[in-house]
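Chemist: Those protein sequence lines, which keep their order, are chains A and B.
Note that our numbering gives residue 401 to position 401 of the first sequence, counting from 1, and the numbers run on in steps of one.
Counting the second sequence from 1 gives a position; our numbering is that position plus 1000.
Just so you know, not all the hints are guaranteed correct.
[Unchecked claim] To give an idea of the chain B side of the interface with chain A (calculated C-beta under 7 Å), a few residues:
1. G1044
2. D1048
3. L1066
4. P1068
5. R1071
6. A1109
7. Q1113
8. E1137
9. C1143
10. N1144
11. I1146
12. S1147
13. W1149
None of these hints come from the bench; they were simulated from the model.
From the three backbone atoms N, C-alpha and C, an ideal C-beta is built for every residue, glycine too.
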Amino acid sequence: MHQANAGPASLLLTRRNLLLGAGATAALSGLAPRPAGAAVQLDVTQGNIQPVPIALPDFVGGSAPDGEVARNVTQIITANLRRSGLFAPIDPAAYIEKIGNIDAVPRFADWRTINAQALVTGRITRQTDGRLKTEFRLWDVFSAQQLTGQQYFTISDNWRRIAHIISDAIYERLTGDKGYFDSRVVFVDETGPKERRIKRLAIMDQDGANVRYLTRGDDLVLTPRFSPSTQEITYMSFGQREPRVLLLNIETGQREAVGNFPNMSFSPRFSPDGQRVIMSLQQGSNSNIYVMDLRSKQTTRLTDTAAIDTAPSYSPDGSSICFESDRGGSQQIYVTSANGGAAKRISFGEGSYSTPVWSPRGDAIAFTKQVKGGFAIGIMKPDGSGERILTEGFHNEGPTFAPNGRVLMFFRDPGGNAGPSLFTIDITGRNEQRVPTPGFASDPAWSPILT
Amino acid sequence: MLSLTRIVRSAGLAATLIAALAVSACANKPADDSMASAGAAAPGSQQDFVVNVGDRVFFESDSSELTPQSRATLEKQAQWLGLYRTYAFTVEGHADERGTREYNIALGARRAQAVRDYLAARGVEANRMRTVSYGKERPVAVCNDISCWSQNRRSVTVLGATS
């Protein structure tokens, strides 16, 4: 049997800077080497997925006081995988084998008996310097094979992030797609009566934990969007002067205006390289799309129509933008070069289309669609073909993609005196889930993966 | 409402005073305004403007076109603002909730601009006017049907400090 500590070769392969203080990962070498080719593998491209039964016994505490954080980490991983809709965690009450030592090969027959296809074991051990060492192994129960194993060192405050990183590793190994659990969401927290609603920028982990408020509610704030570095947010704010686009550093709290324009600026979004902010500037009755280079402060006009052009979003390679315009009489989605020029309409279904947002995978654009008084969330290919509606009703709005492009978050406001909530849905249209927030919440924007 | 609209249409823009008075008396009271009687408002006061002139006009769904009724109200606003020239003011544009956020911000701006253009054409000085859009962020009526939506699609002329 191999030792759990990784050799230099595997260390080189998997080491990455986790931005977790003194973070590092290393692969845990397999305990029971087998021929390659796992039996458990999800095909996530299919619309109708049978969730993979997976067993996640509590991680073992390296010493007695580590038991609590070990259990908490296990619960977060379990919740992440369950919420994805691709996994069906098995009730721990059914477990036959009790995992006490993760360096021993599990009794696979016991896990087969309860129909587990995958098994995750792990251990958390506090180091003498206070850091946490977290190890996990992912097993294919039927082939009796270790699929992956990693160890992480981190300051103890980061135990939640370790749980998300492990969730991503499991998701990636079993689906072949990147995970999205180690990410955050910025959104607008809403309190108070609808006529005088107080709106604050808030940020949280993608699972709703660690909510932090970024503004105090004195000024009305709308449409926050992450920078690719995840350290900055651009948003619209109603202050004492014209409503305008601001930039907020979420670490330092430093705030600055994106340009100084005579009229309203709104609907901002970062370019994929983080060097520019694209937004709408209002002039008289019209709103057009401009881009500002954040270093040179140079502003370039991208659209020039007697219409409302807004909600711009870059393709992930930065070469194109999609946006909405009512230049043809109703709101529709258009695509143009990132340098401007002729725009091509891509939405042609019934009703009107707005808030287009380009998938980080580049292969889809999500939107809000208004038809017959309803507000649906849908996706289409960037050429406008293959339109699919994912969820309908009154009143869904403002989709944002998870970093892997497989899940959308949006808000739903039933209207009247009620308020909006956040939901996620798979791009296949399955697995709609409400995202827990402390109060009413709207305008979500999903960050890239944090690491 | 319908018959009033017809009256305003037939009267034409040049002779709207009577129709406009009728409109302001029944239709253009702000939904959440205090019910102070018209007689209590001192001429030239902010209350006089809100109660006797009408501080807001309403729009059709997804439109910034001024209806005959709106024009009648704005005609009165322009006359009043011409009498009391010390007021600077802000034209607020608003949308109902049946639109997406960014578009409604732009639509509110379009509505405020339509009012501003009308007042300017009636001789109100441009340097007294400012416009702002609140999109769907500041409804005055909250419910889930047309009675509320129609009140929220509005432009409000908000008098500021006298200069």
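Chemist: Minimum Cβ distance from E1137(B) to chain A below 7 Å?
Modeler: At about 6 Å, which falls below the 7 Å cut-off, the nearest Cβ of chain A leaves the hint on E1137(B) intact, so it holds.
Chemist: The hint names I1146(B) as touching chain A; please verify it with the least Cβ-Cβ distance against 7 Å.
Modeler: 11 Å, violated
Chemist: Is the shortest C-beta separation between Q1113(B) and chain A less than 7 Å?
Modeler: 5 Å, holds
Chemist: Tell me if A1109(B) is really an interface residue toward chain A, meaning its C-beta lies closer than 7 Å to one of theirs.
Modeler: A1109(B) check passes; min Cβ-Cβ to chain A is 5 Å, inside 7 Å.
Chemist: At a threshold of 7 Å, is the proposed contact between N1144(B) and chain A supported by beta-carbon distances?
Modeler: 4 Å, holds
Chemist: Let's test the interface hint: is any C-beta of chain A closer than 7 Å to that of P1068(B)?
Modeler: 20 Å, violated
Chemist: Answer holds if the nearest beta-carbon of chain A is closer than 7 Å to that of D1048(B); otherwise answer violated.
Modeler: 24 Å, violated
Chemist: Was the hint right that R1071(B) lines chain A, CB cutoff 7 Å?
Modeler: 17 Å, violated
Chemist: Return the status of the interface hint for W1149(B): holds when the least beta-carbon distance to chain A is below 7 Å, violated otherwise.
Modeler: 10 Å, violated
Chemist: Quick check on S1147(B) please, does its C-beta sit within 7 Å of some C-beta on chain A?
Modeler: Violated - the Cβ of S1147(B) stays beyond 7 Å from chain A, reaching only about 12 Å at its closest.
Chemist: Do the numbers back the hint for G1044(B), that is, is its least Cβ distance to chain A under 7 Å?
Modeler: At about 27 Å, which exceeds the 7 Å cut-off, the nearest Cβ of chain A leaves the hint on G1044(B) violated.
Chemist: Next item in the hint list is C1143(B). Is there a CB on chain A closer than 7 Å to its CB?
Modeler: Status holds, d = 6 Å.
Of the numbered hints stated above, those contradicted by the structure are hints 1, 2, 3, 4, 5, 11, 12 and 13, listed in ascending order.
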